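Asks: Okay, here's what each chain looks like letter by letter:
Number of protein chains: 2
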Amino acid sequence: MGDRTMGNLILYGAILVALLAFAYAAWLYLWVKRQPCENRKIIKATGLIRAGARTFLRKEYAVLARFAGVAAVLIFVFLPKPIWQGEIVHNIWMVVAYIFGTVFSAIAGKIGLEVATIANGRSAEAAKKGIAPSFMAGFRGGAVMGMAVVGASLLGVTLVYLLTKDATTILGFSFGASSLALFAKAGGGIFTKTADISADLVGKVELGIPEDDPRNPAVIADNVGDNVGDVAGMGADLFDSNVASMAAALVMGSALGGNNVDMVFTFAALGLLASIIGVMTARIGEKGSPTKALNSSTYVTTAAFAVLTAATTYLFQFPWRIWGASIIGLAVGVIIGITTDYFTDDSKKPVHYVANASKTGPAFTILSGFSYGLLSVFPAMIGIGVAAFSAYKLCEPLGGIEYALFGISMAAVGMLSIVGMIVSNDAYGPIVDNARGLAEMGDLGEEVLAITDELDSAGNTVKAVTKGFAIAAAGLTVIALLGAFMSEVNTAAAELGIAGIQSFDIMNPMVFFGLLVGAAVPAVFSAMLMLGVDRNAQRLVAEIHRQFNEIIGLKEGKEGVEPEYDKCIEIATDGALKELVPAGLMAIIATFVVGFIGGVQAIGGFLCGNIISGLLLALFMSNSGGLWDNAKKYIESGHEGGKGSDAHKAAVVGDTVGDPFKDTAGPSINTQITVVSLMASLMSTLFLTISIF
Amino acid sequence: MGDRTMGNLILYGAILVALLAFAYAAWLYLWVKRQPCENRKIIKATGLIRAGARTFLRKEYAVLARFAGVAAVLIFVFLPKPIWQGEIVHNIWMVVAYIFGTVFSAIAGKIGLEVATIANGRSAEAAKKGIAPSFMAGFRGGAVMGMAVVGASLLGVTLVYLLTKDATTILGFSFGASSLALFAKAGGGIFTKTADISADLVGKVELGIPEDDPRNPAVIADNVGDNVGDVAGMGADLFDSNVASMAAALVMGSALGGNNVDMVFTFAALGLLASIIGVMTARIGEKGSPTKALNSSTYVTTAAFAVLTAATTYLFQFPWRIWGASIIGLAVGVIIGITTDYFTDDSKKPVHYVANASKTGPAFTILSGFSYGLLSVFPAMIGIGVAAFSAYKLCEPLGGIEYALFGISMAAVGMLSIVGMIVSNDAYGPIVDNARGLAEMGDLGEEVLAITDELDSAGNTVKAVTKGFAIAAAGLTVIALLGAFMSEVNTAAAELGIAGIQSFDIMNPMVFFGLLVGAAVPAVFSAMLMLGVDRNAQRLVAEIHRQFNEIIGLKEGKEGVEPEYDKCIEIATDGALKELVPAGLMAIIATFVVGFIGGVQAIGGFLCGNIISGLLLALFMSNSGGLWDNAKKYIESGHEGGKGSDAHKAAVVGDTVGDPFKDTAGPSINTQITVVSLMASLMSTLFLTISIF
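In the order they appear, the protein sequences are chains A and B. FYI, the numbering for the first sequence is 2 to 694, going by this note's numbering. FYI, the numbering for the second sequence is 2 to 694, going by this note's numbering.
Think of the hints as simulated: they come from the structure by calculation, not from any bench. Just so it is clear, the structure is predicted and the values come from calculations on it, not from any experiment. Some hints could be false.
No copy labels: a pair is met if it fits in one copy or bridges any two.
Unchecked claim - Lysine-lysine pairs mimicking BS3-like chemistry, simulated, CA-CA at most 25 Å apart:
1. K360 x K556
2. K556 x K293
3. K644 x K556
4. K45 x K60
5. K111 x K579
6. K360 x K644
7. K350 x K579
8. K205 x K360
9. K360 x K579
10. K45 x K34
Please build the complete structure, drawing on both the sequences and the hints.
Replies: Here it is as structure tokens:
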């Protein structure tokens, strides 16, 4: 069998696995839909949530379509080379790939959102029959999203490669996915925290009514937020990371030749297959722990990936060192997830310390949570460093620096191999969070609430781990993209007949300048998003006040009186869309400016500074946010004075600060880094030829 | 006249200027001492403050002496080369220089502290006669510190160079100053914020008694804290930066030969001379603004430095390009100070925004202040990048990368040239802050309080600017130290007969690993310090509660009943000393571990990561802390509901969070970066010869 035939067979195989994932997703979707949902209040509420989520997504996609349109025109004119310099067909393919990337990502998000807003009510109702059926409804709903995201990313990348056989075009696909994710994550993040904070502030703090009380005009918006921020946003984020890791590996693998490209597709397809197996094995007994169930399916996926890839490495005679690199990536991803868990788990010291410090007042809640958040950065940064270094050294003997960098990119592919499982777990969280709210709105009673509370708490624990994982994966991916950038620059330089680059030297003042500016960008980016939440929440709070003042009987809960839920959704949506654009544009424009001033050397430094400070801030913000959230819940479960105590009030302040940390700014930084890295690679020819210094 | 003779003359000239600074300091000291201080309550309180400050310093120096003893032994055995490999006389000189560095820094701190605790009472009493005499007492007291710090650093560096003619030994002197500063800044910072937070928490929040009420057992500790943290600590910090910038310039200048060393000493001496002129011109009219008076003397110093250095450059035929580099440094330092001011000035948007957001509750105070703090990083990082890049490009034509890096180091020398003036302004702040407290304790009446309030507020404004300046200067200095490190490595490599290094390539996995770990260190370091403040404050709060419970009549303010002030000072001191050691050791040990694992390449990355994340965190923490402080004061001056309103309560939470940000963690990071950079240079031979990879 010829190498080319074999390569094509592997591509068809990858497409087959992607279709299998879609088929499985369809089966899961139908299973979820078959579960009973009869409570009229719940049906009504889920209807409102679904309608709200659809409204948000429609408006968001309308904004993004305009952005993508402009970007497509620019890409057509300038990428991979200015249209008057290169062949027009390349530019056309690049535009097509870019649009494919945005559309695939959007579709995956849409599917996830649709099923999540069906599964939430099912999960709530199923809790009447016990924890097992309720868990299954939530988990399988989430798994639809997991399968859709990874299936779509694998299908998209494979199709583009099959049609063009050009790795640079894959970067265009990846850039499409990333630019959509940048806005989807930021927009969803702003929406969800606007609604959450405003609902809590007026409902719980000012009026003293319970969370999820249907009198609160923002309660539906809050539930919509869980879906658009955590389900659709996180899905777009991991879609993006997954595609970017494949793109980086393909750029370097195709430059190396041999069967390296085959290996990338094989490993990516096996990762999805392993995730399918993992999802299939998820089971929970009548008295079982949902956390254990979620974790055990993750371990099954990990083991399946290791075994399957080892078998194919043996069969197809791939280099064992590269296999080793991807296993290193996978192992480090799991380890970082576990250390993240230490800082946010309510049975560990940090949560206890912050809860205790809260007795002295909110300033101490903030200071101690902030400090532990900073500490939590250490193991993850070292872990990423060790993973990159080991993968490099392991693969260097295969053929120098090119193989070494390819090894790093395969470590990223390995780390992201289980992403189908990760997304499933991640989407489970907001579904059961919603189910808890619906159980409250549908008056399903204390017993049901206790079950949904347990499922929700498992969701929070798993979420902390998957967030650490997502950031680590993005970190390793962008390190690989730095390698891809260098490879692209050298390809472009060779074509232009000018000298390529061998290094980004810190002592080169252009690199150092880039480092400093690149490091500042994530700080500014996250500040802009958080100020966006702040401004947007002020608008929404004003609207909630207006409704309580103007709608007679609402505060008292008079029969038949209802708040104008959709007004709140509208305000939160419009505000979020207004706030998301400047932050995203700032990051993009900064890249342009640095590149056109300082050329490729400055961009190398810029990417590196961006990665380092981005990882630092993303890890710190996600972990301190999770820590504050769990410290509040720990106090609510009866410690340090319990609900209503001074410690609890202080912990609520911490939780409110932590909300935009962990759900808006922290995870959006991932995407910001990826977008900037992809832009750099795509524009390498431009930066090489047009720059001031 | 031979070059050598001329060089020696310049060294003698530098010594002369240093002695002149001491003489002027002595004159200022006697002037301050001659001012009347008759109020018995004030005499008593200043006596207690002085005694408390002395106790702290004695205990702190005892701890540091033990640390320095251990360090001295290690230096003797290993530096600059292991004793069995090199010449013992070098190691002896290195130890002597190291001990000199610690002793000179300690003496400068001690002098500043003594005069500050005299000037505070004088300034309070003088306020009875009007703002002008009160200002002069505070300013001249601060200027003693300014002159002592810069005089001692210039004298020390010149003496060591005169005796050894070896720039590497200057690094030893600088390391002595830095290691002392690391602990002095961290220890003082923990002490001052422990006392401040605890006094406020029990006094203002729990009991509702005014700030500086003599019934509060921690009130003296609070005033002691201002002196040991802001006067002695900040003095040690800037002593350290000043010496480090000279050391870096000398290492590179002496490697280049020519009259470059002369230029370093000339410019440093002229900077001190310019500061003397600036201090001499400080005047304030009867209705004058203290802020203007402080700023105008800074501008006088800046102008004097520019003119004097231009004249000598012409006279001694130094290269004009190098002169240009130092002027760039100076200009950028001033510009960064001004942009920092924007984010903390109470007439600008950020303070207004945070004050307004406080109406919605403490969570919004924190979120908005945090966001603006992150935004404030941007102009400063770009400014440092531009300064380094311009200095590099300006000096490159003189002779390649070596001259270019020397140019960066001279930009740092230029930026730090006005440090005498900066320290004077900086020490003025805590003196008038103390004076305000003493005026309250001495019942000097409302009019006097109004004057001391105005002086205090000017101190806060200037402090924000000088802090931005100090961080920027440290940033540029450590960039220069990175160059010095490379130069030291190459010298060592040449002696060992092995290949030197030409670059620190980001794509080298060892460098990248170093980058990631180095970036995490400042985060962990500041987290450890803040947790230290948190734990220490809990101990002190318990003691204050004990005194209010056990001492009968204290709470009611019964005549003759006094709290046990010294008990509080003791607890804050012992706690601070216990908490400061682990954080400092962590930074030092991390450097060892990275160096011995990854060698000089990993250390290059480590330093770079450390600089970048250190600058980011230091700028962010100092600025958001200053912003919260001023937002609180802005509300207290009658905006957004004024004192006692909900907005005020929220702003107090922000201020409490900001206290350890701006006075403990933020400014300590400077010193941490310098220590690590100096260690790297000193240990370059060791890292070259002994490392795992």
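Asks: With reference to the structure, classify each hint as holding or not holding.
Replies: Consistency of the hints with the structure:
Only between protomers do K360 and K556 lie at most 25 Å apart by alpha-carbon distance; the minimum there is 23 Å, versus 32 Å within a single protomer. Proximity of K556 and K293 under a CA criterion of 25 Å is satisfied in neither setting, with 42 Å inside one chain copy and 55 Å between copies. In this assembly of identical chains, the alpha carbons of K644 and K556 lie at most 25 Å apart only when taken from the same copy (23 Å versus 32 Å across copies). Taking the closest pair of Cα atoms, K45 and K60 come within 25 Å of each other only inside a single copy of the chain (23 Å); across copies the shortest separation is 70 Å, beyond that limit.
For the identical chains of this complex, K111 and K579 are intra-copy neighbours only, at 21 Å inside a copy versus 56 Å across copies, given an alpha-carbon limit of 25 Å. Taking identical chains as interchangeable, the C-alpha atoms of K360 and K644 lie at most 25 Å apart whether they share a chain (12 Å) or sit on different chains (24 Å). In this assembly of identical chains, the alpha carbons of K350 and K579 lie at most 25 Å apart only when taken from different copies (21 Å versus 40 Å within one copy). Proximity of K205 to K360 under the C-alpha cut-off of 25 Å is found in both arrangements, the shortest distances being 20 Å within a copy and 17 Å between copies.
For the identical chains of this complex, K360 and K579 are inter-copy neighbours only, at 24 Å across copies versus 39 Å inside a copy, given an alpha-carbon limit of 25 Å. Proximity of K45 to K34 under the C-alpha cut-off of 25 Å is restricted to the intra-copy arrangement: shortest distance 16 Å within a copy versus 80 Å between copies.
Of the numbered hints given earlier, the model fails hint 2 alone.
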